[in-house]
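Those sequence lines, one after another, are chains A and B.
In this text, residue positions in the first sequence follow numbering that gives the first Met the number 0: the first is 0, and each later residue adds one.
In this text, residue positions in the second sequence follow numbering that gives the first Met the number 0: the first is 0, and each later residue adds one.
Just so you know, the hints here were simulated from the structure itself, not pulled from any lab data.
Some hints here could point you the wrong way.
Unchecked claim - Okay, the calculated bits of chain A under chain B, using three or more residues with CB under 8 Å as the criterion:
(1) 85–91
(2) 96–108
Claimed, not checked - Only pairs whose alpha carbons sit at most 30 Å apart, straight line, appear in this in silico DSS-like list of lysine-lysine:
(3) A:Lys68 to A:Lys101
(4) A:Lys68 to A:Lys57
(5) A:Lys101 to A:Lys57
(6) B:Lys69 to A:Lys57
(7) A:Lys101 to A:Lys47
(8) A:Lys57 to A:Lys47
(9) B:Lys490 to B:Lys564
(10) A:Lys101 to B:Lys420
(11) A:Lys73 to A:Lys101
(12) A:Lys104 to B:Lys438
(13) B:Lys438 to A:Lys39
(14) A:Lys104 to B:Lys420
(15) B:Lys420 to A:Lys57
(16) A:Lys47 to B:Lys438
(17) A:Lys57 to B:Lys628
(18) A:Lys47 to A:Lys73
(19) B:Lys101 to A:Lys39
(20) A:Lys104 to B:Lys429
(21) B:Lys101 to B:Lys19
(22) A:Lys39 to B:Lys489
(23) B:Lys294 to A:Lys101
(24) A:Lys73 to A:Lys104
(25) B:Lys387 to B:Lys438
(26) B:Lys516 to B:Lys429
(27) B:Lys69 to B:Lys101
(28) B:Lys564 to A:Lys39
(29) A:Lys57 to B:Lys101
(30) B:Lys438 to A:Lys57
(31) A:Lys101 to B:Lys262
(32) A:Lys39 to B:Lys420
As the list claims (entries may be wrong) - Not the full set, but computed from the structure, chain B residues with beta-carbon under 7 Å of chain A:
(33) Asn414
(34) Ser417
(35) Thr421
(36) Glu446
Glycine included, every Cβ here is placed at the ideal spot set by N, Cα and C.
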Amino acid sequence: MRDLQNQVIYVVDDDQGILDSFDAMLGDDYPVVMFNSGTKALDVLQEKTPTLLFLDIKMPGINGIELLKSIHEKGMCTKVVIVTALPQDSYEQMARQYGVYKYLKKPLDVDEVEGITRNVLH
Amino acid sequence: MKNLADNADLGKRPRFIPLKYRFILISSLLLIVLLGAIAVILSIYQSATIRNMVERRGIAIAQSLAATSKAALATYNYIAIEQTVNQAVQDPDTLYVIIHDKEDRVAGYSRRPDLQGEYLTDAVTERALAAAAAHSIQRGTWGAENIPVLDVSVPVFLPGSELRWGTIRVGVSLQPMYRQIHQTWLIIALLGLVALAGGVLLSIWAAGRITRPLNALVRATVQAARGNLQQRIEIRTRDEVEVLADNFNAMIGEILAQREQLKEQLIEIRRLQRYTEQLLNTMSDGLLSVTRTGKIATMNPAARCMSGLDGEVAKELHISHLQAQTPALSDYVNELLQESFGSRQQEIHIRGVSHPRVILASSSVLRDADGNFAELIVNLHDITELKKLEARVRQTERLAALGTLAAGMAHEIRNPLSAIKTFVQLLPRKLERPGFLEKFNRTVPRELDRINRLIEDLLQLAREPRYHFVPVHVQSLLKQCVELFDEDLKKTEIRCRTQFPQTDSGVILADSDQLIKAFHNLVRNAVQAMPDGGELTIEVARRETVPFETVMNANQQGWIQISFKDTGAGISAEDARNIFNPFFTTKDTGTGLGLAITHKVITEHGGQIDVQTINEEGTCFIIYLPALKR
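Bound conformation, chain B alone (with noise of 0.2 Å):
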């Protein structure tokens, strides 16, 4: 910009000279060269003109002498001769005529009577009487003034004979010759001022209408470098320079649409800048971001209040000077780190401003354009209250299940303890009826065994897990499962089909006994579902996924699916939902707890089980366990 704003001072520049002085320079100089040319070219062929007339002029007057003096030299007649010289002088040009006789003295002078008989030894007179040609011409001065001449001299001879009887010589003026040419120079030099003057005025209107233009765009371009760009050049020479123009205005149109489309990316960037600021001063989570040596680059007051930084400068500082205050964080935050591609939830304990705090930190990685880790940035979400909540649900529920329970309980112990109640009561008074012992001694016993064996499901459901975990092979525990369920299954119309992979199905780690029990339950279950007969079918399938979210353990191979399939009238979606809580049942028979202590032992196992059931067409319990590495 500063480069720009300097070449803008053009006048300032050193050795700078306008294009427009430029052109009128080179210009004139062209013209004074051309004129000058011009003039030498004409002076020298005028005067090679003039001269060749003059020369003949001369030539004439002395051949026309020489054949008129003929006589008068033969006889050596000087007044004639004198006559002949004076009366050739009678044009002004002429300035003088010369008469030698044959012994080369002076016959005949014009308008010099003192020197006829002499003998002139000047140089041009000297050459004039050696020459032998027919003519000959020499150039010289003559007078006081010096009057540029030229001589011209001519032989005589008589007829008949080579001897020369004299020579005829006139002086021709070469002043007229250069007045004609000193007055060609100066018709020439003075057209020559003309149109050297005529030329610059032109010469400076067409720079001007030249450099106008780009005097204009040199403007606009030193204006644009300022930065006014509102600015539109109107130039109409239909040459370059108005291309020039019109790219120019284009190019400044671009700069324009694009500096106000900067202008815009800057407003939306401001005003997300301003939103994020305002987000990050104003959420009521935690944000921190961390680079990879641990600096914090930004914290929020959210971060800062609750890593007990509140109101010093946190930025800059290393995360380690949280140690003190939170450890937890600091802790979390060095091994995600160490991790250096970090994101995971955690739950951390803080020890707040006033009660401990419960904040749950989850965290993601802020790469750089090559990807590469940039800042690690923490999320820390305030879940005190959440986990409260939390508590108080879990109690509510804890206490809506012991009432569901409780209900459930006196449900099933009352309708044996009313059986029993009324025998007991009827026992003094019936005694002695026929058949009333009998009664007695089939339905009280009967309905104590059932008391117990509700106690007893209960004290299974209630108790801790005292498993013994065996590697089994499902496969033959199934098998062992079949042949014990045929007793009861032989007393129905029901079929039981079993559907194995034809490979080993795998290994799982199992109490076999609790396991039995828990598909006794599900073979009752399904008995039951089909008192009029049919079909139950037990599958065993290797699965790679189950439909639920879990965590694999480190010896674990995939999943066995072992499903149990009956074609009973099935069960509606909201019974499903609550099968497998204690103490609902659909059934006549049995305490409702069947299918809770399955499900329990299932859960106790690793596993999972889940019922899919359309009515009128059958239920299916799929139970899945996980199946050790082989």
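Looking at chain A on its own, in the form it has when it is part of the complex (with noise of 0.2 Å):
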């Protein structure tokens, strides 16, 4: 049970179009679980350790830096792929400062994110 909480992966984006191709893209395969907002994944984070996580970083509420750095603060094992549509690069310095796994920029490939599971799952 506990080996297989531990491969879940968590996606993270207020965009619902985003959370559908994620569950497009790795739901057949992987337990994915869908987050709308920072807020209710950091509710869930308190508890929970998942392997993966997929995050948006432009969110009302908390957004995906802020919730990166939480996870980064709290030592957690979880491989964080930040996912966004914004265009700044001064993003992903911060994230990087963040111990942030990969930073893929939207629009996403399948390949890329298939492979980036993979990796990490196996």
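Put the two chains together into one complex, using the hints given.
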């Protein structure tokens, strides 16, 4: 059970289209949990530790960078992959500071997402 | 000042007699009159007294002679009579003694025996012999020296007879009396001279005493009249002159103080004048003042330079001389002069020395003490560089806005694009997977719609306004809106409340479709701000004034205020500042263009939209639209 729980992938994005596309990409092969706000994800992360977390930056309430910072400060072993539509490079530098695993820019490439997921989960 | 100086030259004035001499003259004259009067009275009194004494002596001698010579007369004893008369003139003052007999012949004449028995015919004798009284007194002269004499005659009667037996005449000299009177006169004269001399000296001293302080005062006033105010008069006479001197000192002190004050004021005025001149010469702003008739009263170097009159003497020049070089400035001033109370700001373009300049001209009216128009003051501020800077800032702002817009657009397009790309990439691989096509059909068209909606919103935001304005009743328009929103609100826990005024709230010039869209955005915003339900209040009110600077149209009458108030979480002050910027959003849905479009529509209706918010207590959008005149 514990092992299975560790294999969970979280996707945090306020855009329904992005959540739907992650479901299409990974939902068939992995346990994927979707959150449409950073606040909700943070609540769950108090108790649970997913293996992989796809995280959007621009969200109402807690944004992705703040959530990443929080995970980093807690010393969680979750691999965080930022997925953002924002064009500014400054966010990437910030994300690197907080130990981001990968920094992906939208539109996403299916192969890249699948490759990262495979690498992390196996 | 000239008159004063002339008055000061007292000595040269015609018929000028110094007070001192007047005093001496008057007191001397008084003394002389007084002494003269005393002398006259004394001499009259003395002569009367002496004459009285001489008369009585004469009468006494005559009566005694009458008594002693009665017998001799009765007997015609001339020898005895002669002896008697010669004895009677022993006294030197008794000049003569004559005894006439019954027949009026000379019975005896002292020291003149030759006249015995003769008749005397002089007037004195005749009167003496004719007199019937007890005695008669006459004045006459005696001898060759014409000695003044008092002739006293006494008739001689025998006892028991009324027959006159003779007449006794005694001549008493009046010379001692006259001598005495002369002596008295002499003494009085001498004393008078001494008194006069003493009196004059006294009056000279007194006059000096009185006039010396007066002279000091006169000298001081002369000095003061000549401008020498650094003096004080020290007079201690304990009388009016001292008071006069004290008053004079006080006056001089007052004048000095005032002069000092004037001097200080003059210094301050000169300093201000220099300061103003310096300021006018060095200031970069042009300053010119024009009289009512359009004559240039002052013009500083900067103004001369701006108006192309550099080097020329601009004073007294008419403003129309600027027409050739700077027609805009000339026109501006002329217009203001016609208005005659100009205080207007205007940007004017001038040729400038090397390149065109933009000048911000402002004016004010200088009025005289009675409040009448004196001069029009025009300030010329060169804002060429400011304008350039403004243009640069605008360009930068445009680029920055474009950057923000581009970033926002990128974000808003990439999200649906990413979803579409993912589904397209997965299509060949997962076509056969159960449920995939269903997901594909649900997601891809939706995301494509999103992109299309975004483009439509953007176009609306960027499009030149193509409004069809007609007069619209605000109240009926809002009622129409509420009916439309009702569909949206039914799906939520939100209650909508409207607060309209009792009377008709007014008519606005509006494009109803655009306004409804703008209001719809606000309602959608409110609905999204209250995910757990709440209350939306739409309120309408008339306002005469608005909390921002504005210019009312000719056909405008006040404002209509429409507010949309929700009971949501509210937004931060920073978010409130950015809320109308395109792509600014705090929500998970929408393009971030809704409020920007609302802002644009309201602004293009001549109105304003503002947001008031308190965190945790909701947000209130307030719209002001110009109300049409009824």
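Hint by hint, here is what the structure shows:
| no. | hint | in the structure |
| --- | --- | --- |
| 1 | 85–91 | holds (count 3) |
| 2 | 96–108 | holds (count 5) |
| 3 | A:Lys68 to A:Lys101 | holds (15 Å) |
| 4 | A:Lys68 to A:Lys57 | holds (14 Å) |
| 5 | A:Lys101 to A:Lys57 | holds (17 Å) |
| 6 | B:Lys69 to A:Lys57 | violated (185 Å) |
| 7 | A:Lys101 to A:Lys47 | holds (21 Å) |
| 8 | A:Lys57 to A:Lys47 | holds (23 Å) |
| 9 | B:Lys490 to B:Lys564 | holds (19 Å) |
| 10 | A:Lys101 to B:Lys420 | holds (20 Å) |
| 11 | A:Lys73 to A:Lys101 | holds (19 Å) |
| 12 | A:Lys104 to B:Lys438 | holds (23 Å) |
| 13 | B:Lys438 to A:Lys39 | holds (24 Å) |
| 14 | A:Lys104 to B:Lys420 | holds (13 Å) |
| 15 | B:Lys420 to A:Lys57 | holds (20 Å) |
| 16 | A:Lys47 to B:Lys438 | holds (29 Å) |
| 17 | A:Lys57 to B:Lys628 | violated (48 Å) |
| 18 | A:Lys47 to A:Lys73 | holds (12 Å) |
| 19 | B:Lys101 to A:Lys39 | violated (192 Å) |
| 20 | A:Lys104 to B:Lys429 | holds (23 Å) |
| 21 | B:Lys101 to B:Lys19 | violated (75 Å) |
| 22 | A:Lys39 to B:Lys489 | holds (27 Å) |
| 23 | B:Lys294 to A:Lys101 | violated (79 Å) |
| 24 | A:Lys73 to A:Lys104 | holds (26 Å) |
| 25 | B:Lys387 to B:Lys438 | violated (57 Å) |
| 26 | B:Lys516 to B:Lys429 | violated (42 Å) |
| 27 | B:Lys69 to B:Lys101 | holds (11 Å) |
| 28 | B:Lys564 to A:Lys39 | holds (28 Å) |
| 29 | A:Lys57 to B:Lys101 | violated (187 Å) |
| 30 | B:Lys438 to A:Lys57 | holds (25 Å) |
| 31 | A:Lys101 to B:Lys262 | violated (86 Å) |
| 32 | A:Lys39 to B:Lys420 | holds (27 Å) |
| 33 | Asn414 | holds (4 Å) |
| 34 | Ser417 | holds (4 Å) |
| 35 | Thr421 | holds (4 Å) |
| 36 | Glu446 | holds (5 Å) |
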